[in-house]
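S.K.: Letter by letter, the chains look like this.
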Amino acid sequence: MDLTALLLSLKLAFATTAVLVVAGAPLAYALVFHRVPGKSFFEALINLPIVLPPTVLGFYLLVAMGPRGGVGRAWEGIFGSPLLFTFTGIVVASIIYSLPFAVAPMKTAFLRIDPRLVENAQVLGLNPVEIFMRVIIPNSLAGIAASAILVFLHSIGEFGVILMVGGSIPGETKVASIAIFEAVEALRYRDAWIMSLTLVPVSYLFLLLVNRLTPEVRRGA
Amino acid sequence: MGLEARLKKRLKHFELDVTLSCPEGKLLAIVGPSGAGKTTIIRLIAGLEKPDAGIVTCGGEVWTDTASRIDLPTRKRGIGYVFQEFTLFPNLSVYKNVAFAARDRKRVEDLLKMFDIWPLKDSRPHLISGGERQRCAICQALARDPGVLLMDEPFSALDALNRRRLRDMMKSLKRELGIPVVHVTHDIREALFLADDIMPVAQGRVESKWILQFMLAGKDLDRNHCQGPRPEYADDEEQEIELYIKKKEYMR
Numbered sequence: 000m001d002l003t004a005l006l007l008s009l010k011l012a013f014a015t016t017a018v019l020v021v022a023g024a025p026l027a028y029a030l031v032f033h034r035v036p037g038k039s040f041f042e043a044l045i046n047l048p049i050v051l052p053p054t055v056l057g058f059y060l061l062v063a064m065g066p067r068g069g070v071g072r073a074w075e076g077i078f079g080s081p082l083l084f085t086f087t088g089i090v091v092a093s094i095i096y097s098l099p100f101a102v103a104p105m106k107t108a109f110l111r112i113d114p115r116l117v118e119n120a121q122v123l124g125l126n127p128v129e130i131f132m133r134v135i136i137p138n139s140l141a142g143i144a145a146s147a148i149l150v151f152l153h154s155i156g157e158f159g160v161i162l163m164v165g166g167s168i169p170g171e172t173k174v175a176s177i178a179i180f181e182a183v184e185a186l187r188y189r190d191a192w193i194m195s196l197t198l199v200p201v202s203y204l205f206l207l208l209v210n211r212l213t214p215e216v217r218r219g220a
Numbered sequence: 000m001g002l003e004a005r006l007k008k009r010l011k012h013f014e015l016d017v018t019l020s021c022p023e024g025k026l027l028a029i030v031g032p033s034g035a036g037k038t039t040i041i042r043l044i045a046g047l048e049k050p051d052a053g054i055v056t057c058g059g060e061v062w063t064d065t066a067s068r069i070d071l072p073t074r075k076r077g078i079g080y081v082f083q084e085f086t087l088f089p090n091l092s093v094y095k096n097v098a099f100a101a102r103d104r105k106r107v108e109d110l111l112k113m114f115d116i117w118p119l120k121d122s123r124p125h126l127i128s129g130g131e132r133q134r135c136a137i138c139q140a141l142a143r144d145p146g147v148l149l150m151d152e153p154f155s156a157l158d159a160l161n162r163r164r165l166r167d168m169m170k171s172l173k174r175e176l177g178i179p180v181v182h183v184t185h186d187i188r189e190a191l192f193l194a195d196d197i198m199p200v201a202q203g204r205v206e207s208k209w210i211l212q213f214m215l216a217g218k219d220l221d222r223n224h225c226q227g228p229r230p231e232y233a234d235d236e237e238q239e240i241e242l243y244i245k246k247k248e249y250m251r
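Sequences listed follow chains A and B, in order.
Residues 0 to 220 (numbering that gives the first Met the number 0) are what the first sequence spells out, left to right.
Residues 0 to 251 (numbering that gives the first Met the number 0) are what the second sequence spells out, left to right.
Where hints are given, some of them may not hold.
Below, computed lysine-lysine pairings styled on BS3-like, alpha-carbon distance capped at 30 Å [unchecked claim]:
#1 B/LYS8 <-> A/LYS38
#2 B/LYS49 <-> A/LYS38
#3 A/LYS38 <-> B/LYS112
#4 B/LYS95 <-> B/LYS112
#5 B/LYS7 <-> B/LYS120
#6 A/LYS38 <-> B/LYS11
#7 B/LYS7 <-> B/LYS49
Simulated from the structure, these hints should not be mistaken for laboratory data.
Predicted, not measured: the structure shown is a model, and the values here were computed from it.
The shape of chain A in the complex, shown without the other chains (with noise of 0.2 Å):
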């Protein structure tokens, strides 16, 4: 079994899932509670990902983020190193993968919060962003929970993406799903079995911690 691999998908789905519900609840609350001109185009083009086959995806981010490409360029002229076939890469693809999962949850538990508390919240003198801190996460931690696990559990499953940008380098971009891919085609069904048999009890015992850690979620609320 090739726990580095499995090592390396825990890192970049916990990675993926600390960005995104950072950058994501601020994200789902200017689309839920404010007007942000062409707000549906930009709607759209989070949501891509989900219709888009992920090595279309991958494909142009590969373009984008390769030495050519202006995100790629941008990169290297900052950090000066390459941002392809890296750990970083491979997090900048997974966030933009995973960004309509991380929003759509969100949103939903926000449009939940009734327009009054926040109405309420402006009268007692609170600004957007107060709002947003005070009152707004504290009342969907159930949604934002879950927006978490879902994250989690895109990234650990990320294919097609990573192999795109990362290839297949081990402890570098070597996921757990390319191994996987990798021993089916070199036809070492056993290590395919046991790290996929891995992977299953892994998400379940993550669902069920955050289960545990969040009331809300436990309520059903």
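Take the given structure of chain A and dock chain B to it, following the hints.
M.R.: Relative to chain A, chain B alone:
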């Protein structure tokens, strides 16, 4: 100085067009049937909605002036607003709800004791009764020492006993507060009991006194008709109302 407003706004079924004035230490009741535009009026004063045209000033400060494109954000207006129901923060205790925007802790404690909910300070809003929740909401609005208090049918979801208790409390409190209080209600007797001045509204306009007569006859008006049960009042309240009517000569 007090609160002055001249407001125009096109609504779905009619155009709202009212002028109102409420001095400091006085309570203005806006009465009228459901759908008359009462709530919209105080939402416009609070800045929660924008008028098509109009001016709102409070204590000499201009909050809204459509002609000069002045529109002070709601959070900067320093108002207390008591909604009809369900606006306490469900994740916070009664104490933390009241302290949410309070200037000092002593004020929070005083208000909770004054409104008799100090023993409930650690309870969450969903664990207390409707009457207790509304008392908490009033404390929350008052805790930041607002310049104006706006109340949108704050007692309408309560039972008769709680309604009466809160009305009594508000009646004695309005003098102490010394700020303009605008109270929206569809209950004319509540308005007569509490108010220094009454503004009857129907279809978005300040209507002549016949609405008061209709409503006093025990008929709550809906959009087009007069119907509904007559609210129950104790004898001393009836006397007070009669006295007020005579004083204001609304029944001539």
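S.K.: Does B/LYS49 lie within 30 Å of B/LYS7 when you go C-alpha to C-alpha?
M.R.: Status holds; Cα separation ~10 Å.
S.K.: Is the straight-line distance between the alpha-carbon of B/LYS95 and that of B/LYS112 30 Å or less?
M.R.: holds, 14 Å
S.K.: Is it true that the CA of B/LYS7 sits at most 30 Å from the CA of B/LYS120?
M.R.: violated, 42 Å
S.K.: Measure nothing beyond the straight line between the CA atoms of B/LYS49 and A/LYS38; if it is 30 Å or shorter, mark the hint as holding.
M.R.: holds, 22 Å
S.K.: Against the 30 Å threshold, does the CA-CA distance of B/LYS8 and A/LYS38 hold or violate the hint?
M.R.: holds, 27 Å
S.K.: Under the criterion that the straight-line Cα-Cα distance not exceed 30 Å, is the pair A/LYS38, B/LYS11 satisfied?
M.R.: holds, 26 Å
S.K.: Between the alpha carbons of A/LYS38 and B/LYS112, is the straight-line distance 30 Å or under?
M.R.: Violated, at about 48 Å.
Hints 3 and 5 from the earlier list are contradicted by this structure; the remaining hints agree with it.
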